[in-house]
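Using the hints provided, position chains B and C with the ligand relative to the given structure of chain A.
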Amino acid sequence: MIKLKLRKRTREVDETSRTNNSLGLMFWAAVSFLAVLTFCAIFADILPFKNPTQTFKGFNKNGPSGSFLLGNDGVGRDILSRVVYGAQTSLVIAVVGTSIALIIGGSIGLAAGYYRGKVDRLLTIMLNTTLIIPPLILFISLILFLDPAAERRMFILIFTFALLSIAPIGRVVRANTMAWSEREFVLAAQTIGARNGRVMFREILPNVAPSLISYSLIVMATLIIVEGAVAFLGLSVPSPTPTWGDMINKGRPHLDVAPHITLMPALSMFLTVLSLNFIGDKLQEKFESKAAIL
Amino acid sequence: MAKKFVKAFAVLFAFSLIAAACGGDSDETAIENEPEVVEEEVTQVEEDREQGDATGEDTRDDMTAVHGGRLVYGVEADTSNPFVPYASSCAISCRMILRSVSDALFITGAGGNIVPHLVETIVPSADFKSWTMAIRDGIKFHDGTPLDGAAVAYNLNTCRMSPLTGPALSQISDVTSDGQSVTISYTFPEALGPAALNSSTQCGFMFSPTWLQTIASNPLLTAEQRATAAGNPTELVGVGAFTFKSYTPGNGNSFIATRNADYWRGENGITGEELPYLDEIEFVVSVDIQGRSNGLKGGQFDIIHTSNADEIKKYEGNEDYVLLQANDYGETSMYMLNAAQGTNPYAGALRGDPELAMDPLGMNSTNPMIHLSCRKAAAHSLDTQRLADERGAGIVKPANGPFPPGSMGYLEDTGYPKFDIAMAQTEMEQCKIDSGQDPVTVGVTIGQDPFSAETADLVVSMMDDAFGEDISVVVTPIEQGQLIGLALAGAYHVMGWRNFGGVDPSELWYWWSAYTASPVNPTVPELALNFGRFVDPEMETAMQGVRFNPDPAVRKASAEAVNRLFGKNVWNLWTTWTLWGLISSPRVMDITTFTTPEGTMTAPVVAGKHSVQQIWCQDGNCQG
Amino acid sequence: MAGSGNLHLREQEKPLLRVEDLVVNFLSAGGETVQAVSGFSIDVLEGETLGLVGESGCGKSTTARAIIQSPKPTAGSIQLDGVELTELDDEEMRRTRPILQMIFQDPISSLNPRRTIRDVVAEPLYVWWEEETGRLAIASWFEKTGNLFQKISSKFSRPARILAPLAWLSLIFWLVSEASDERSLETWLSWLKTPAQFIGFPVLFILAAMAAALSVVGAVWLVLAVILPFGVISGKFGSVTNTVGLTGLFTSLFAVVFLFFRTWSSLGGVAHWLSSGILLLAVGFLAVWSLLACREPSRAGSSALAVLVFMLFAIQVFYIVGLDGNTKLAVFSLSAAVDGILYWLIARRYKLARAQMRQRAEPEVKRVLEAVGMEVEGSLERKPHEFSGGQAQRISIARALILNPKVVICDEPVSALDVSVQAQILNLLEDMKAAYGLTLVFIAHDLAVVKNISDRVAVMYLGKICEVGPPELLYSAPQHPYTRLLIDAIPRPDPEFDQRNAVRIEGELPSPLAPPSGCRFRTRCPNVQAKCSTEEPQMKEVASGHYVACHYPADSELNQ
Ligand code: SF4
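One line per chain: the protein sequences are A, B and C, in this order.
All letters in the first sequence, in the order written, are residues 1 to 294 by the working numbering.
All letters in the second sequence, in the order written, are residues 1001 to 1624 by the working numbering.
All letters in the third sequence, in the order written, are residues 2001 to 2560 by the working numbering.
Read the hints as simulated data drawn from the structure, not as lab findings.
Given the structure is predicted, the values throughout are model-derived calculations rather than measurements.
Misleading hints may appear alongside valid ones.
[As the list claims (entries may be wrong)] Across the chosen pairs, the derived CB separations fall in these ranges: (1) C:Thr2086 x A:Leu122: 23 to 33 Å; (2) A:Ile137 x C:Ser2070: 38 to 48 Å; (3) A:Ser67 x B:Asp1279: 57 to 67 Å.
Where a beta carbon is used, it is the ideal one built from N, C-alpha and C, also for glycine.
The following block holds chain A by itself, in its conformation from the complex (with noise of 0.2 Å):
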């Protein structure tokens, strides 16, 4: 009996100390940034932000200033607002897209790391057919036959980059369902007479969702910066829709007269795609922490 209090109480201690060490400030000062970002994105029209879209006649690529903090873009347009519009475009691009593939994917990769055997090959099989499509070909010609004139632009890189993200989505879920499966509380549950459904989705699926939740979170951030890479080619959303990507492509031609036009773009990217690959990776961490110490 002294043995097995001895026990519990360091664990007990491990445990506190990993929770108080693995977020951190940084943690924090990430999950700020992506909340206050995501609030303005979503209350922008009603915050006191300038018209995205205005051109001020004689302030073409002025530099940060009292009115316009972030200066303005080659036209005149304030790049504050243009971000905030932007990251609109971004966040619901990368979100939409990765909720998508987190459903289908996710349910893939629940029912092929369950079910296994023939299950398992066919969809496996469904998985990897669309890792072997290259992305930007198949984006390029989804856009030459479905929306030339841009017109479902955002129709089509969601359904592109969600279809991009089901396979990887997808392989992380078969892989930790099928480990989770393993474990005797599964057999537990068939036995106790529990569905499938129900073994996936209380058994199963709580102890995936962690690491799930994390990827998809380097995923999003995957997808903000593979939008910037399209809008980069001016294939993203058109204009007068902001979007970071597309920011950035229009500052390049004044990069050497006003690099701010690039760099403010690039920034809030650089820092949004920081901020969720970092968050994932704690979470990561810390997931995995308590799982091994199980």
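For chains B and C with the ligand alone, kept in the frame of chain A given last:
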């Protein structure tokens, strides 16, 4: 099959013309038999621009030219199908290369007139349907072949038979030669005649027929000859001041030519002059302007050219470099408006259908720009001065018509609507009634490059400022290569464009004629070089005055009439005139001051292009 | 062992669990067939404890899992209380599970680390109660509609099978054309033309044109398209629950796809796409939920509610994003308030339901936890990793007992525990058996563990039974050479003795990929004879209730 062929042909032809137009190709007009000697004016570049007349003339103090040196020229683009004229999409960079290795029959004089160069004399027939040229005697190609009438005729025939360049020479019915003389016959009276074959037309440059016969793509060759033809179309054999040495394609490529000691204007030539001064000239492609500019600063280039106003602006007042600016005969930036509606009796007459409908599918029927009120409203709403200031670094000029200052037909006031928001709103009220739309919806198609896209953002914002809720503009960026297809097909409402570079308006007729305005048809685009598809009888009359009347005064008046018609009917929304800049190290001298053997001053810069024979470097060393 | 034959089965009595000629093969990673269990037979009478002993890898755990049909065995019969388990379908088997429970080797791994002990132990009750209440609540209504579908389908089944796919296809085209009122039909058809031509179904266009030409026709097709497939499906599966679930699935998909196309062109910019993205999410959400409803009718009620709430949310976002400035602020605050109240109500309702269920389960949970000797106070809300192995195993036993099972299979329940705890758990199992009248199948890898607890012991080697008998006989007079070796290897009562190394037999366990011919034990048997490799020994009775499968058992004259 036939339709496919027509389509391919149409695209090809349009490409050739566009390459020509973008290269600022055009033929000079004025047929002045006695070339004027233009007095040299030493004017500051700044002042020139103030007058809307930057000529790019090198006005530095005269020093005695010395021989020697190797010049490296940073040019903006690679050339597709280099370089043999009948097959090449030859834009500014290619044209500079042609100028180095060969000469044209004629050359643009300083006053916009056209003066003979390889040609000695030229005589038209009484009805102006046949012109006879005498070629200077004693000129030899680099391979020793003499430049005689037969050689000139052979050059012209390759161009006439080529699918690329043929359509532009379709008015020539026959070319005959006898000794040093060449006679060209035309279907219609031609006011300009063979002077069209000047240094701004790729077919005006002469190349050795012996060499041309070794090129497989030569349209004059028979199938058997073609099978054995082993010549390289990039290894040009011309009559020019420099002879071909080497060529490497691709970005960062280089074309090297060395001094031709037997140049006809050199010490062994027929004129006894000393041209050229340089030992060697190299053209290196550097597509990105930043790269080109850095190359100049880093000593990789001795001279570069650019149409990027921001970059030109940076060199203003920089003592370390020589900056020459020129907007002569350059292109005009604009937003083309698709006016296709109703019927076109002109094009209809050609195909036997007087009721030819311009928009049979109704694709353009929702385009508000078919109504004059809407076109005027749009024109009034655009602050072209602001566009020039903000998009052109304040050094380009707002355009008011297709003819930039210095061109025939240029007018201070063309009657084109001025920036006036009140007027714009008044017209918009009418436009809403005419088009039956509220808000009025316009689709604007532009290229995907960031600069055009940003310019379009500014234009849209100006329209928003003027019209607010009354207008809804949808901007669609399209991959650059696809734009021409949409323009040919008429599948657009408003399109960002740059065109109409040229010395003489008579060479621009096909862009504006009702004869070349075919119906909107996205599946089988036809030869609709009048992309705006406007049918304007007054324009037809005015263009005839420019093309067929030999009287210079009438031609000038007609060109001005054309300009006024554009102003009155607002067929396009003009924005700015293209400004070219030549930036060089101060060691490079006499960049643009070239005279004919008779001493006639030539136009310093034609749409960015200039002669290279006369260039020399201080101490015979360009790098210093 | 190597024993075949069913002589040891007690035909005269009625066993609670009877396994006959059980065969379990599975594919190895290399694609070869692993013969894990080959012709295993045993019976267990009510109230009896069977001890099943063998080395690791002999197939005893595989046998245990085959008995609970997870996975199903390759061949053989398993009768539980006279019911042939191998012939049950998944659903019937699931309903049979409560009476057949299992206790696992690794106590920690058999408890979900993310749930509290209260929920872990009560989970079996939740599973069956939710099913019960769910069925009670919705059964009557769904039975009616289900019957209606079945009636329709029985009348239309043959034409429906042909028409349904066509109807679905035309529904899609109808939707597309309906959704595109701003574009002409031709535009849409030309847009669809390329892929369709490619697939090669020009006939679709005739159907589509028919469906699209008149909205009345479209409506008729719509009705056919929605009803007929369900008729077919319900007719085929005959299950009310499937009909309900699929109806939900397809109607929700239909609704959302329709909305999606409708809004496609009516809004612009981010607002449009945000709302469309959410609607897309709703599709996935609805699909998953409907599928759940399909599989778990107990969820149909709550899923319907969830769907409603989610749709409400989507519509709000959809609407709000389209507004501007102050209107947006006002509408946003208002709908946020409404949502807040709504979500609070739903959460409260859900919590209440959970709380009620917990409350209802609490006496049961406490009773079983106390019965297995756990201190109830303070342990209910803790997570499994806060307990020691012995405690966790008690919790496992509690979970198995809460459903009042008849048979409990204990798969090496003590082998992962400290020696000091082993005896406690063994005693506990004995007590539970007495208290609950359980029938136990007790699996262990050494004879010592099962000696005291078993009424009957079976020794297994490489997928087959060697010897079966009452422990008194088997331990005192083992007949099979393998049993004898096992008994010899039983450790002396020495606490320092490492039990895992106790069984020491010459040679390696042969691979189950290619088991030896004849007697499977012959490669390691001290008594091996020529006959052993050619002829498989059959079960024979050596004493009353004592059976052995060996050509040369201990008492036979040949062996002397
Ligand atoms: S004696 Fe023969 S039959 Fe008996 S166990 Fe040994 S090998 Fe098998």
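Hints, verified against the model:
no., hint, result
1, C:Thr2086 x A:Leu122: 23 to 33 Å, "holds, 26 Å"
2, A:Ile137 x C:Ser2070: 38 to 48 Å, "holds, 45 Å"
3, A:Ser67 x B:Asp1279: 57 to 67 Å, "holds, 58 Å"
Checked against the numbered hints given earlier, the structure satisfies every one of them.
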